[in-house]
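Chain residues, written in single-letter form:
There are 2 protein chains.
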Amino acid sequence: MKLTKTLVLGSQSPRRAQFLKDLELDFKTLPLDVDETAPSELSASETAIFVSELKASALLPLLGPDEIGITSDTEVWLDNRRYGKAANYEEAFEMIQSLSGKTHVVVSGLSIIDPSAASTIQSSSSVVEVSFNDIPEWAIDHYIKTYSPFDKAGAYGIQEWIGRGFISEIKGNYNSVVGLDTAALVSFLTPYFK
Amino acid sequence: MKLTKTLVLGSQSPRRAQFLKDLELDFKTLPLDVDETAPSELSASETAIFVSELKASALLPLLGPDEIGITSDTEVWLDNRRYGKAANYEEAFEMIQSLSGKTHVVVSGLSIIDPSAASTIQSSSSVVEVSFNDIPEWAIDHYIKTYSPFDKAGAYGIQEWIGRGFISEIKGNYNSVVGLDTAALVSFLTPYFK
Numbered sequence: 005m006k007l008t009k010t011l012v013l014g015s016q017s018p019r020r021a022q023f024l025k026d027l028e029l030d031f032k033t034l035p036l037d038v039d040e041t042a043p044s045e046l047s048a049s050e051t052a053i054f055v056s057e058l059k060a061s062a063l064l065p066l067l068g069p070d071e072i073g074i075t076s077d078t079e080v081w082l083d084n085r086r087y088g089k090a091a092n093y094e095e096a097f098e099m100i101q102s103l104s105g106k107t108h109v110v111v112s113g114l115s116i117i118d119p120s121a122a123s124t125i126q127s128s129s130s131v132v133e134v135s136f137n138d139i140p141e142w143a144i145d146h147y148i149k150t151y152s153p154f155d156k157a158g159a160y161g162i163q164e165w166i167g168r169g170f171i172s173e174i175k176g177n178y179n180s181v182v183g184l185d186t187a188a189l190v191s192f193l194t195p196y197f198k
Numbered sequence: 005m006k007l008t009k010t011l012v013l014g015s016q017s018p019r020r021a022q023f024l025k026d027l028e029l030d031f032k033t034l035p036l037d038v039d040e041t042a043p044s045e046l047s048a049s050e051t052a053i054f055v056s057e058l059k060a061s062a063l064l065p066l067l068g069p070d071e072i073g074i075t076s077d078t079e080v081w082l083d084n085r086r087y088g089k090a091a092n093y094e095e096a097f098e099m100i101q102s103l104s105g106k107t108h109v110v111v112s113g114l115s116i117i118d119p120s121a122a123s124t125i126q127s128s129s130s131v132v133e134v135s136f137n138d139i140p141e142w143a144i145d146h147y148i149k150t151y152s153p154f155d156k157a158g159a160y161g162i163q164e165w166i167g168r169g170f171i172s173e174i175k176g177n178y179n180s181v182v183g184l185d186t187a188a189l190v191s192f193l194t195p196y197f198k
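Chains S and W supply the protein sequences, listed in that same order. Quick note: the first sequence uses the numbering used here, first residue 5, plus one each step. Quick note: the second sequence uses the numbering used here, first residue 5, plus one each step.
Wrong hints could be hidden among the right ones.
A pair counts as met if it fits within one copy or between any two copies, since identical chains are not told apart.
Capping the alpha-carbon separation at 20 Å, the derived lysine to aspartate or glutamate pairs in EDC-like fashion look like this [to be verified]:
{"hint": "1", "residue 1": "K198", "residue 2": "E71"}
{"hint": "2", "residue 1": "K9", "residue 2": "E173"}
{"hint": "3", "residue 1": "K32", "residue 2": "E50"}
{"hint": "4", "residue 1": "K89", "residue 2": "D145"}
{"hint": "5", "residue 1": "K175", "residue 2": "E133"}
{"hint": "6", "residue 1": "K198", "residue 2": "E141"}
{"hint": "7", "residue 1": "K149", "residue 2": "D37"}
{"hint": "8", "residue 1": "K25", "residue 2": "E133"}
{"hint": "9", "residue 1": "K9", "residue 2": "E45"}
{"hint": "10", "residue 1": "K6", "residue 2": "E164"}
{"hint": "11", "residue 1": "K6", "residue 2": "D145"}
{"hint": "12", "residue 1": "K175", "residue 2": "E95"}
{"hint": "13", "residue 1": "K149", "residue 2": "E94"}
{"hint": "14", "residue 1": "K149", "residue 2": "D26"}
{"hint": "15", "residue 1": "K149", "residue 2": "E95"}
{"hint": "16", "residue 1": "K175", "residue 2": "D70"}
{"hint": "17", "residue 1": "K6", "residue 2": "D138"}
{"hint": "18", "residue 1": "K9", "residue 2": "E98"}
{"hint": "19", "residue 1": "K175", "residue 2": "D145"}
{"hint": "20", "residue 1": "K106", "residue 2": "E71"}
{"hint": "21", "residue 1": "K198", "residue 2": "D145"}
Calculated from the structure, these hints are not laboratory results.
Just need the whole structure built from these sequences, with the hints factored in.
Here you go:
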């Protein structure tokens, strides 16, 4: 897909970059340093959009007039608890064990930033239900030790060993769970297609 | 995952082989030559299991006593019509265009073959709803010319450019749509874990 503007990804996630490559989009990457704290009274979808727009606000002043930026936020929610990234083995083990045999929700926010548009930041959210089969303890231990999932919300990657082996079904956009709602992105980018 | 028997994949699909690698399974591959014609009175799920078991019956006599085999079949259904592989550009275009803006069903069958078990062939089926956004004609044309999806039921790959860009959501097992219900496979293989 060819665009009339230069795309800037405000994320260092290799999975988001790979999706843009899968979409045949040319882009450059800018790292952002954003405090992802959100007000606790927000709902899951509101939180994802809030954090995505925090990132968008950080990216906006870095963009030139011929650039458009994208930011995204992905989080795991179970029983009204927000799961960020696990800090260590014990936290990762506890997170994955609490997801075992249950359906949790992955909520993601996506923002498009166009410095020369009337509304400079547009956002959308995506909610996906993800169901895990029972995960035996040896599998949780093996997964954490082999794949070090400390860069992922909820301490798992749907596209990795534990996702292939133990996720029985999802309801929603698969790519959102990996880290970017690519179909929503394409809809947002349609006005910029050459 | 380490098994007490040697795994034999009765398929030449590179996507199925990659899934077994993702699951860290050792396996070997045997190509099968099977006529995939199924009785027209069968339902979608019955057809997928019928074809998977045709492949299983072809694989069974090739297996040694310390081997277990797996076969699978994946098909696309829309409005009671079974979509196999497209023979040429025109068929692929017509298939993808008919999926555009609609929800279709991907049905897959999975069979496990153990020559030394009481029931030598066990099968399961998986049904997944897949929703496409509207796909513009330039995108269908670009996809077919660039990705040559003639080895895929329904003439598309969910993990490819067209899937990333235009599939809004699914309900069911993502890996089934790619070509193998890996979570069901792990459940089937549990008795063989070392």
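Going through the hints against the structure:
1. K198 <-> E71: Classified as within: same-chain Cα gap 14 Å, cross-chain 54 Å, threshold 20 Å.
2. K9 <-> E173: neither (37 Å within a copy, 28 Å between copies)
3. K32 <-> E50: neither (28 Å within a copy, 48 Å between copies)
4. K89 <-> D145: This pair counts as within: shortest intra-copy Cα distance 17 Å, inter-copy 41 Å.
5. K175 <-> E133: Both. Shortest intra-copy (5 Å) and inter-copy (9 Å) distances satisfy the 20 Å Cα cut-off.
6. K198 <-> E141: Close across copies (15 Å), not inside one copy (51 Å); limit 20 Å.
7. K149 <-> D37: Classified as neither: same-chain Cα gap 28 Å, cross-chain 41 Å, threshold 20 Å.
8. K25 <-> E133: Answer is neither: 26 Å inside a copy and 26 Å across each miss the 20 Å cutoff.
9. K9 <-> E45: neither (37 Å within a copy, 53 Å between copies)
10. K6 <-> E164: between (30 Å within a copy, 17 Å between copies)
11. K6 <-> D145: between (44 Å within a copy, 15 Å between copies)
12. K175 <-> E95: Neither: 26 Å inside a copy, 30 Å across copies.
13. K149 <-> E94: within (11 Å within a copy, 49 Å between copies)
14. K149 <-> D26: For K149 and D26, the Cα distance is within 20 Å only across copies (16 Å; inside one copy 29 Å).
15. K149 <-> E95: For K149 and E95, only the intra-copy Cα distance (13 Å) is at most 20 Å; the inter-copy one is 47 Å.
16. K175 <-> D70: Close neither inside one copy (37 Å) nor across copies (38 Å); limit 20 Å.
17. K6 <-> D138: between (44 Å within a copy, 18 Å between copies)
18. K9 <-> E98: neither (44 Å within a copy, 32 Å between copies)
19. K175 <-> D145: Classified as neither; 27 Å inside a copy, 29 Å across copies.
20. K106 <-> E71: neither (42 Å within a copy, 33 Å between copies)
21. K198 <-> D145: between (48 Å within a copy, 16 Å between copies)
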